[in-house]
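**Student:** Protein chains in written order, with numbering that gives the first Met the number 0: chain H, 0 to 83; chain S, 0 to 150.
Please note that a few of the clues may not be correct.
[As the list claims (entries may be wrong)] Between beta-carbon pairs, the in silico distance windows are:
no.: 1; chain 1: S; residue 1: Glu93; chain 2: H; residue 2: Lys34; range: 54 to 60 Å
no.: 2; chain 1: S; residue 1: Glu93; chain 2: H; residue 2: Asp61; range: 26 to 32 Å
no.: 3; chain 1: H; residue 1: Asp52; chain 2: S; residue 2: Lys111; range: 27 to 33 Å
no.: 4; chain 1: H; residue 1: Ser40; chain 2: S; residue 2: Lys43; range: 24 to 30 Å
no.: 5; chain 1: S; residue 1: Glu130; chain 2: H; residue 2: Glu4; range: 50 to 56 Å
no.: 6; chain 1: H; residue 1: Ser40; chain 2: S; residue 2: Ala83; range: 20 to 26 Å
no.: 7; chain 1: H; residue 1: Glu4; chain 2: S; residue 2: Lys43; range: 56 to 62 Å
no.: 8; chain 1: H; residue 1: Leu67; chain 2: S; residue 2: Tyr114; range: 18 to 24 Å
no.: 9; chain 1: H; residue 1: Pro15; chain 2: S; residue 2: Gly44; range: 52 to 58 Å
no.: 10; chain 1: S; residue 1: Pro99; chain 2: H; residue 2: Asp2; range: 37 to 43 Å
no.: 11; chain 1: H; residue 1: Asp52; chain 2: S; residue 2: Val55; range: 43 to 49 Å
Hint data in this document are derived by calculation from the structure and do not stem from the laboratory.
By construction, the Cβ of each residue, glycine as well, lies at the ideal position given by its N, Cα and C atoms.
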Amino acid sequence: MQDKEILERLKKIVTPYTQEKSGLEGFNQSTDFIKDLQINSANLVDVVLDVEDEFNIEIDNDSMDGMLKVEDAINIIKSKRAES
Amino acid sequence: MNHEHILSRLPYSQPFLFVDELTEVNPEGATGFYRFPEDAFFYKGHFKENPVTPGVILTECMAQIGVVCLGLHLLTQQTTEEAARFQIALSSTEVDFFLPVYPGEKVKVVSKKEYFRFNKLKCSTEMYNAEGKLVCRGKIAGMVFLKDTEV
């Protein structure tokens, strides 16, 4: 799966949890979930659960802790998909 | 922890404790009761001359029984040392209300775990009055964790 496709699917997932909608306009690798989109830590859990469903992977606690930016999420998704 | 133990470890006291009794707690959910005393502080102002239990208090009651008691059970099964480190923060509520609760009424709260992942405990909770009629229902979530002990 191409990064671009993952990026588009991620954007769809985070949209309902995003408080700062302007952060979605320039949604890219360096978008920070908390700073740019103002998603709180509780809603970030829901993002991760939706990512698990969407990409059919399981995300562990360590990966969750390292998921600050979109590029982190893309890397995690790719490595988990490669494992399975 | 048994039911009495969970109650004694709740991080609330009067006038903001809204749990009298827990009748069921297991990894999948919790059930408990609370009777709203006639002289509770909020009846003086909600409403003037017409005391009705505020929706936020009903929500709080559901959160204390349904999320906090369950969170204590899930996180601190072993020791009182763990219970002393228990921390909770409410993260979201989405509740619909169907019937009023008047001073002196006893309610039953039934909560079912939706998920407990990455420290977020989300539950679907329902409250019933003494006649068994639905008072309110909704999803309540909180972040629950054990505070790191200082070294």
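**Student:** If a hint holds in the structure, say so; if it doesn't, say that too.
**Tutor:** To see whether the hints hold, each was checked on the structure:
1. Glu93/S / Lys34/H: 54 to 60 Å: 26 Å, violated
2. Glu93/S / Asp61/H: 26 to 32 Å: 30 Å, holds
3. Asp52/H / Lys111/S: 27 to 33 Å: 20 Å, violated
4. Ser40/H / Lys43/S: 24 to 30 Å: Violated, since Ser40/H and Lys43/S (Cβ atoms, about 37 Å apart) do not stay within the stated range.
5. Glu130/S / Glu4/H: 50 to 56 Å: 54 Å, holds
6. Ser40/H / Ala83/S: 20 to 26 Å: 23 Å, holds
7. Glu4/H / Lys43/S: 56 to 62 Å: 59 Å, holds
8. Leu67/H / Tyr114/S: 18 to 24 Å: Given range 18 to 24 Å: holds, Cβ gap about 22 Å.
9. Pro15/H / Gly44/S: 52 to 58 Å: With a Cβ separation near 36 Å, Pro15/H and Gly44/S fall outside 52 to 58 Å, so the hint is violated.
10. Pro99/S / Asp2/H: 37 to 43 Å: For Pro99/S and Asp2/H the Cβ distance comes to about 54 Å; the hint is violated.
11. Asp52/H / Val55/S: 43 to 49 Å: Violated: the Cβ-Cβ distance is about 32 Å, outside 43 to 49 Å.
Hint check: violations occur at hints 1, 3, 4, 9, 10 and 11; the rest are consistent with the structure.
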